[in-house]
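K.L.:
Let the sequences and hints guide you as you build the complete structure.
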Amino acid sequence: MNFKTILAAVIVAVIVIAGIAGAYWLTQEEEGNVVYWTPIAPNLQKAAVASGDVDGGVAWEPYCSDGFLDGTTNVWKWSDELWPGHPCCIVAVDNQFAVDHPDLVKRVVKVHVEANRWIAEALSNTSSANYTMLLEMGADFSNRNTTVIASSLEHLKFQYEFDQEFRDGLEVITEKYIEQGLVAESKIQDRGYSNISDFVASFINPAWLVDIDDVQPSETILGQVRLAYLTGDVHQLARVVAMNITVGGGENLFVKYGIGIIDPNPGGYGNGGAIMTAFAGGQCDIGYLGSPPAILQHLNAGVDISLASVVNTEGSAIFVNPSITSIDDFEGKTFATPGVSSIQHLILLDYLTSQGFKVKQA
1 MNFKTILAAV IVAVIVIAGI AGAYWLTQEE EGNVVYWTPI APNLQKAAVA
51 SGDVDGGVAW EPYCSDGFLD GTTNVWKWSD ELWPGHPCCI VAVDNQFAVD
101 HPDLVKRVVK VHVEANRWIA EALSNTSSAN YTMLLEMGAD FSNRNTTVIA
151 SSLEHLKFQY EFDQEFRDGL EVITEKYIEQ GLVAESKIQD RGYSNISDFV
201 ASFINPAWLV DIDDVQPSET ILGQVRLAYL TGDVHQLARV VAMNITVGGG
251 ENLFVKYGIG IIDPNPGGYG NGGAIMTAFA GGQCDIGYLG SPPAILQHLN
301 AGVDISLASV VNTEGSAIFV NPSITSIDDF EGKTFATPGV SSIQHLILLD
351 YLTSQGFKVK QA
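Taking my numbering, the leading residue of the sequence shown gets 1, the next gets one more, and so forth.
Hints in this document: simulated from the structure, not taken from any laboratory.
C-beta atoms are modelled at their ideal positions from N, C-alpha and C, and glycine is treated no differently.
Just to be clear, a hint being listed does not mean it is correct.
Taking lysine to aspartate or glutamate and the EDC-like style, the derived pairs with C-alpha atoms no more than 20 angstroms apart in a straight line are [unchecked claim]:
id	residue 1	residue 2
1	360	350
2	360	53
3	176	165
4	176	350
5	360	328
6	157	136
7	157	168
8	77	331
9	77	350
10	358	328
11	157	121
12	77	154
13	157	81
14	360	55
15	77	328
16	187	136
17	77	55
18	187	175
19	358	331
20	157	80
21	77	304
22	176	154
23	333	55
24	358	55
25	360	179
What follows is a list of derived Cβ distance ranges for each label pair [what the hints assert, rightly or not]:
id	residue 1	residue 2	range
26	358	172	19 to 25 angstroms
27	51	301	32 to 38 angstroms
28	72	251	35 to 41 angstroms
29	332	71	21 to 27 angstroms
30	332	129	48 to 54 angstroms
31	51	223	43 to 49 angstroms
P.N.:
Laid out in structure tokens, this is it:
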């Protein structure tokens with residue numbers, strides 16, 4: 001074998017080795033610094049952490065408090081630490097139902113306001129019988145104990161009015177969805193809005209809250225409303241309070257104001273995306289759900305709803321297996337989320353990317 005042949009063989013070998021090494025390090029770079037997510041309903045996330053199926057999760061209350069109080073999980077970040085005052089749940093209304101039955105919508109909003117006021121009074125005195133009853137209602141609805149509910153109530157805020165902070169938050173959510181590629185920017189114009197601010201201003205219908213105190217009880221049932229809600233979600237405790245006969249003085253608040261409530265999915269829906277699907281399929285008239293899925297499916301799928309009232313802000317958390325003690329431990333781990341359309345998913349995604357991680361579905 002002559003010198004030229006040997007040299008050629010060496011060059012080929014070097015190229016092959018370099019290619020293999022380059023591919024290896026490229027693969028390492030692609031695989032490193034990644035955190036995975038998988039969709040799991042909030043009420044099942046604690047068990048998934050305990051079994052080792054996932055390493056952490058992000059959920060709404062009471063499931064965050066439930067896990068850390070019994071030692072299954074540690075809360076890594078409360079959502080108010082990551083985004084103080086962030087929007088969460090709203091009351092959404094099917095727009096055609098609102099056109100056909102404006103009085104029923106107004107009365108549902110009236111009931112929601114009355115329940116919020118009752119909750120505020122109960123929370124103002126934790127020694128009162130009403131506070132005890134509130135904890136019991138939350139425990140019964142979520143199938144958790146009153147200690148968990150008391151903790152949950154410390155981490156969320158109930159309200160019904162669209163203040164400027166909430167409006168601004170809806171704009172931020174929309175912007176983040178566009179940044180993350182979950183909503184195409186063109187969808188804003190496709191749905192007839194000039195920009196994000198115009199979208200949010202149009203999506204909210206504060207008229208339902210105007211002169212709300214003028215709405216009076218009714219001696220008869222004036223109509224039926226199919227009212228959707230999330231399973232065990234104490235963010236939506238106003239609906240639970242409104243259904244309580246004691247609070248209404250012998251009848252629930254809906255009946256008091258002339259509304260017959262139909263439960264379109266007994267036990268509730270797993271997440272807000274499922275409620276938006278119910279709206280799209282004509283299966284519900286009004287729903288308690290998170291503002292992000294309402295935004296996402298209105299823009300992406302054209303689901304024809306508007307927002308009639310605020311339900312709450314804050315009240316979620318990122319939690320982890322207790323073995324995770326530093327941000328470096330997150331690498332390669334899998335986190336449960338309620339689904340891509342939830343505020344919880346958005347908060348987790350935003351937090352992880354801010355920490356330099358790539359986020360992929362498991």
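K.L.:
Now, for every hint given, state plainly whether the structure supports it.
P.N.:
Hint check:
1. Note on residue 360 and residue 350: the hinted pairing holds, with a Cα-Cα distance of about 13 angstroms set against a maximum of 20 angstroms.
2. The hinted pair formed by residue 360 and residue 53 meets the criterion: a straight-line CA distance of about 16 angstroms does not exceed 20 angstroms.
3. Simply put, residue 176 and residue 165 have alpha-carbon atoms about 16 angstroms apart, close enough for the 20 angstroms limit, and the pair holds.
4. Annotation: proposed proximity of residue 176 to residue 350 holds, straight-line Cα distance about 8 angstroms (limit 20 angstroms).
5. Between the alpha carbons of residue 360 and residue 328 the distance comes to roughly 17 angstroms, so the proposed pair stays at or under 20 angstroms and holds.
6. With a C-alpha separation of about 18 angstroms, the suggested pair residue 157 and residue 136 falls inside the 20 angstroms cut-off, and the hint holds.
7. Under the criterion of a C-alpha separation no larger than 20 angstroms, the hint pairing residue 157 with residue 168 is consistent with the structure, at around 17 angstroms.
8. Distance restraint check for residue 77 and residue 331: the Cα-Cα separation of roughly 17 angstroms lies within the 20 angstroms cut-off, and the hinted pair is therefore satisfied.
9. For the hint pairing residue 77 with residue 350, the CA-to-CA distance comes to about 13 angstroms; that is within 20 angstroms, so the pair holds.
10. Annotation: proposed proximity of residue 358 to residue 328 holds, straight-line Cα distance about 13 angstroms (limit 20 angstroms).
11. Restraint check: the Cα-Cα separation between residue 157 and residue 121 comes to about 13 angstroms, which is no more than 20 angstroms; the hinted pair holds.
12. Distance restraint check for residue 77 and residue 154: the Cα-Cα separation of roughly 14 angstroms lies within the 20 angstroms cut-off, and the hinted pair is therefore satisfied.
13. The hinted pair formed by residue 157 and residue 81 meets the criterion: a straight-line CA distance of about 14 angstroms does not exceed 20 angstroms.
14. A hinted pair counts as satisfied when its Cα atoms are at most 20 angstroms apart, and residue 360 with residue 55 qualifies at roughly 15 angstroms.
15. As the CA atoms of residue 77 and residue 328 are separated by approximately 15 angstroms, the hinted pair is consistent with the 20 angstroms bound.
16. At most 20 angstroms may separate the alpha-carbon atoms for a hinted pair to count; residue 187 and residue 136 exceed this at roughly 44 angstroms.
17. At roughly 15 angstroms between alpha-carbon atoms, residue 77 and residue 55 fall within 20 angstroms of each other, so this suggested pair holds.
18. Simply put, residue 187 and residue 175 have alpha-carbon atoms about 12 angstroms apart, close enough for the 20 angstroms limit, and the pair holds.
19. At most 20 angstroms may separate the alpha-carbon atoms for a hinted pair to count; residue 358 and residue 331 meet this at roughly 9 angstroms.
20. For the hint linking residue 157 to residue 80, the alpha-carbon distance of about 10 angstroms falls within 20 angstroms, and the restraint holds.
21. At roughly 34 angstroms between alpha-carbon atoms, residue 77 and residue 304 are farther apart than 20 angstroms, so this suggested pair is violated.
22. Proposed proximity of residue 176 and residue 154 is contradicted: the alpha carbons are some 27 angstroms apart, above 20 angstroms.
23. Only pairs whose Cα atoms come within 20 angstroms are accepted, and residue 333 paired with residue 55 is accepted, the gap being roughly 6 angstroms.
24. For the given pair, residue 358 sits about 16 angstroms from residue 55 by alpha-carbon distance, which is consistent with the 20 angstroms threshold.
25. Proximity of residue 360 to residue 179 is assessed by CA-CA distance (about 16 angstroms); at most 20 angstroms being required, the pair is judged to hold.
26. Look at residue 358 against residue 172: about 22 angstroms separates their beta carbons, and that is inside 19 to 25 angstroms.
27. Between residue 51 and residue 301 the CB atoms are about 34 angstroms apart, so this pair conforms to the stated range of 32 to 38 angstroms.
28. Hint check: residue 72 to residue 251, Cβ distance near 40 angstroms, so the stated range 35 to 41 angstroms holds.
29. A hinted range of 21 to 27 angstroms holds for the C-beta pair residue 332 and residue 71, which are about 24 angstroms apart.
30. Hint check: residue 332 to residue 129, Cβ distance near 50 angstroms, so the stated range 48 to 54 angstroms holds.
31. Distance hint check: the CB atoms of residue 51 and residue 223 are about 46 angstroms apart, consistent with the given range 43 to 49 angstroms.
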